[in-house]
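Knowing the structure of chain A, use the given hints to seat chains B and C on it.
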Amino acid sequence: MKNDLVLRVVAKLLIPFILLFALYVQFHGDFGPGGGFQAGVILAAAIIFYALIYGLDRARRVVPEPLVESMMAIGVLIYAGVGVAGLVLGGNFLDYFVLDPNPVLGQHRGIFWVEVGVATTVSGVMLKIFYMFADRGKVDE
Amino acid sequence: MTGSGHFSYFVTVFLMVAGLFIVIARSNLIKKLVGLGIFQTSVYLLYIAPGKLVGGTAPILSDAFSVYSNPLPHVLILTAIVVGVATLALGLALVVRIREAYDSIEEDDILARDAAPGPIEQDP
Amino acid sequence: MAVAVWVIARSRNLFGVVILAGIYSFLMATVLVAMDAVDVAMTEASVGAGISTVLFLGALYLSKSEEARPLQRPWLPLAVSLAVGAMLVYGTLGLPEFSDPKAPIHVHVVPRYLNEIKTEVDVPNVVTAVLASYRGYDTLGETTVVFTAGAGVVALLRRRRAKAGEQ
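Residue numbers (numbering that gives the first Met the number 0), protein chains in the order written: chain A, 0 to 140; chain B, 0 to 123; chain C, 0 to 166.
Just chain A, same shape as in the assembly (with noise of 0.2 Å):
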């Protein structure tokens, strides 16, 4: 599909319209509808939306695939990682008031931590399975 003028031109255009959308969903899920999951997802998009314009080479050579599966398992460690902070700072786990010494901000600070966790394995997740969705297609021919 990169031979074609019109997608090119408009993919060029919106994608860093997209991952900037993406991050503003995500760090603005506290004030309006959004959140990790979200985010996450649009950014997964705007990745495949790449590399379904340009080619999946590409895609790989700005996303490697060690970096999307190293995505996926430090999500996941984020999250516990702020239970385990919570249980070594005096709490019990995912704790959050005792991350800081006014509970309220702690508050803040664990739910930031564990949205970036969960968008990270979002995000992660939904690119690995397009990469091996796209990869089985390739080898046949």
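It is worth saying that the hints were derived from the structure and are not from the lab. Please note that a few of the clues may not be correct.
[Stated by the list, open to error] Short, incomplete list of chain B residues facing chain C, as computed with Cβ under 10 Å:
no.	residue
1	Met15
2	Val33
3	Ile47
4	Leu60
5	Ile109
Glycine included, every Cβ here is placed at the ideal spot set by N, Cα and C.
Chains B and C only, in chain A's frame:
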């Protein structure tokens, strides 16, 4: 009990029955997965519709509003949607593998191939 | 939405079925916005109409089939579905009416969340606060489920490079 008071439940039940029918009555595996998706969305509606209060607003706290729709079903259904897509991805991966092993994605063909023993090509 | 579901059930062209499923997801997201469920609608639109359609099209391409077999004699499944539907309608007659403020769903835990979020957590989006803080353990389980699904797909579709001369 009025008809209009329970309309949301009727819609939910219609979608649920339609999804169920597609799952049990169609033999194509991909259509079955689409039917399963329709069934899942009817369950989302089943949980969210009773949470809505007429005259309320979305559950984002703000000084301008005082009546909010119930946020608890939203939380549960958010989890359910993501788990649903995870299940769908696994189901589609299974369909791809079945296609490579049995050379068909119609349920009748697959059951016939299983009943009549013969070599099934192994796949790398 | 009823029209979309009817055509999905009757159609034989699988590509059309997948696109119609995407349209159905968008319509469902619109209905969810009408129910004031904005977070859920955003997730349903992006996940149901976006990722699901991409995965279905990928699987369709890999399965290399375009047509589903036509249906013969669907009377028994139709009877079973209608019987289940009748039982469900009978069951829902006892449920609270639409938008009833005294329904049990509004009375027990939710007033505490809505009243105390400002002092305990101070995050305006109640759904995010409940999801990440009050019910954070469930969200940990959900993230693990997503990770497991990814690992499962990798396990199912990984190619073992055993054949010599293939790549």
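Going through the hints against the structure:
For Met15 of chain B, the interface hint holds, the least distance from its beta-carbon to any beta-carbon of chain C being 7 Å, beneath 10 Å. Proximity of Val33 of chain B to chain C holds as hinted, the smallest CB-CB distance being about 5 Å (cut-off 10 Å). Proximity of Ile47 of chain B to chain C holds as hinted, the smallest CB-CB distance being about 5 Å (cut-off 10 Å). Checking Leu60 of chain B against chain C by beta carbon gives a least distance of about 5 Å; that is within 10 Å, so the hint holds.
Taken as an interface hint, Ile109 of chain B does not check out: its beta carbon lies about 12 Å from the nearest beta carbon of chain C, beyond 10 Å.
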